[in-house]
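Asker: Spelled out from the first residue to the last, the chains are:
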Amino acid sequence: MAINWFKYSSPASFYFLAGKMIPLFSIAATILFAAGLYIGFFVAPTDFQQGEAYRIIFIHVPAAWMSMFLYVMMAIWAGIGLAFNTRLSSMMATAIAPTGAMFTFLALWTGALWGKPMWGTWWVWDARLTSELILLFLYIGFMSLQAAIDDPRRADKAGAVIALVGVVNIPIIYFSVKWWNTLHQGATVSVTQSPKMATTMLTGMLIMSIACWMYAIAVILIRTRTIILERERHTAWVGELRGVAQ
Amino acid sequence: MSLWVIQRDLLLAIRRRADVLTTLFFFIIVVSLFPLGVGPEINILRTMAPGVVWVAALLASMLSLGRMFSSDYLDGTLEQMLLSPQSLAMLVLGKALAHWLVTGVPLVLMSPVLGIQYDLSADALLVLTASLLLGTPVLSLIGAIGAALTLGLRGGGVLVSLLVLPLYIPVLIFGAGAVEASAAGLGAGAHLSLLGAFLLASLVLAPWATAVSLRISME
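Chains as they are written, first to last, in my numbering: chain U, 99 to 344; chain Y, 55 to 273.
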């Protein structure tokens, strides 16, 4: 059976599809978070070098992965919205931004919490930390640009341009920061020198990553639904929906 | 086509000299404020100089971005440019280059004098000026995207800084890094080559992105 994908590119039909998908992803996220945290806190052994403090990686690493991945996803959706003029893609991009920024902030925050006992300092001008901080700036730029524009279609397109410009720049920024760091030779500590990980630790981290995925999808779908309702509030189908609810 | 736009924008700038001078004096004042903030210790100042000059150049270039399109937007010239059969990207390239000639070039010419305030050696002054010469046009070209996107928005001036400053970071790193590398005996060649690469890439890509942004902002 062939599925007509274009059917779901209409906000009206996607609204109901998303409504059905949200519970599935929410439940999956809850179960996986519970399992991942259980493994992280009780099953995974204490690291002989870093002690208990290493356990923050169970949230830190997935958050850092998500922060980067969501930016690329946001740019892809925004780009599709700009190229094909599909409203739903742009709404997805707008919905992804706050979650991506949240994960970026979480990665920075947990990194600082981990850095204090390990490196003895909250913040190091390491290449990864610096580029993660710049990533947060890019998210904030995208969101504030969209917030400043009243016309939603112009906001979508302007946001798409800045997201795509950002995506082109991310590798450039990353390598500049890396070379800048080696030139200064200030921070000698590196996040990359982690010892080989025990299998349980890796399992825990992977489960937590999938949990973050499920959480991100659920939250993004919820936000997309809200954006759809807000933008389509004058249409007949939303009016019917309101009639049903009353 | 671009030449015509450059000529026109330069003529407008000459008629309104105060705008050009404001940006230049902003640059001079910011650079002169740092010794007052961190103290007159000349060894500290010498190591800080490239970074300070470059950050000031970034801010000065960013502050003048608002003028790139706004007056043309208000008096309707920009609309005519969008309607004209000529390629919008080429017109935008002309406007960005005019912005550089009006705001970037004075900074480049002034930077050796400011470098002397910080007791930079002759070699370092040369590298600093060369890095600014290669880097400031990139700032104007990237900035044009931000200026086009924020055209006619409330609080556009602050917003453009949020959009544009993160994108300026590579230019800042290699611009200030060139001086440090030459001071460390590594030679500034690699840094200057990278700045040149940024310049070429932004010459090709930025006007196109700016043209798309202008169409979005004007529709």
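I should point out that these hints are in silico values taken from the structure, not numbers from a laboratory.
For clarity, every value in this text was computed on a predicted model and none was experimentally measured.
A portion of the hints provided could be inaccurate.
Said to hold, decoys possible - Footprint (simulated), chain Y over chain U, 3 or more residues, beta carbon under 8 Å:
{"id": "1", "stretch": "136-145"}
{"id": "2", "stretch": "196-202"}
{"id": "3", "stretch": "268-278"}
Claimed, not checked - Some chain U residues near chain Y, calculated using beta-carbon distances under 7 Å:
{"id": "4", "residue": "M241"}
{"id": "5", "residue": "S242"}
{"id": "6", "residue": "A246"}
{"id": "7", "residue": "I260"}
{"id": "8", "residue": "I315"}
By construction, the Cβ of each residue, glycine as well, lies at the ideal position given by its N, Cα and C atoms.
Asker: Does I315(U) hold up as a contact with chain Y if the rule is Cβ-Cβ below 7 Å?
Answerer: Violated, because the Cβ-Cβ distance from I315(U) to chain Y comes to roughly 27 Å (cut-off 7 Å).
Asker: Verify the interface restraint on S242(U): the C-beta must sit less than 7 Å from at least one C-beta of chain Y.
Answerer: holds (5 Å)
Asker: Quick one, is the A246(U) hint okay against chain Y at 7 Å, beta carbons?
Answerer: Constraint on A246(U) satisfied, holds at 5 Å.
Asker: Taking 8 Å as the Cβ threshold, is the statement that the stretch 268-278 of chain U is covered by chain Y upheld or broken by the three-residue rule?
Answerer: With 6 residues close enough to chain Y, the hint holds.
Asker: Is the interface hint satisfied for M241(U)? The criterion is a beta-carbon contact with chain Y at less than 7 Å.
Answerer: violated (9 Å)
Asker: Please verify the coverage claim for the stretch 136-145 of chain U: does it have three or more residues whose C-beta sits within 8 Å of some C-beta in chain Y?
Answerer: As far as the stretch 136-145 of chain U goes, the hint is violated, because 0 residues have Cβ atoms under 8 Å from chain Y.
Asker: Is the coverage entry for the stretch 196-202 of chain U by chain Y consistent with the three-residue Cβ rule at 8 Å?
Answerer: violated (count 0)
Asker: Report holds or violated for the interface hint on I260(U), using the least CB-CB distance to chain Y and a cut-off of 7 Å.
Answerer: Status holds, d = 6 Å.
Consistency note: the structure conflicts with the earlier hints numbered 1, 2, 4 and 8.
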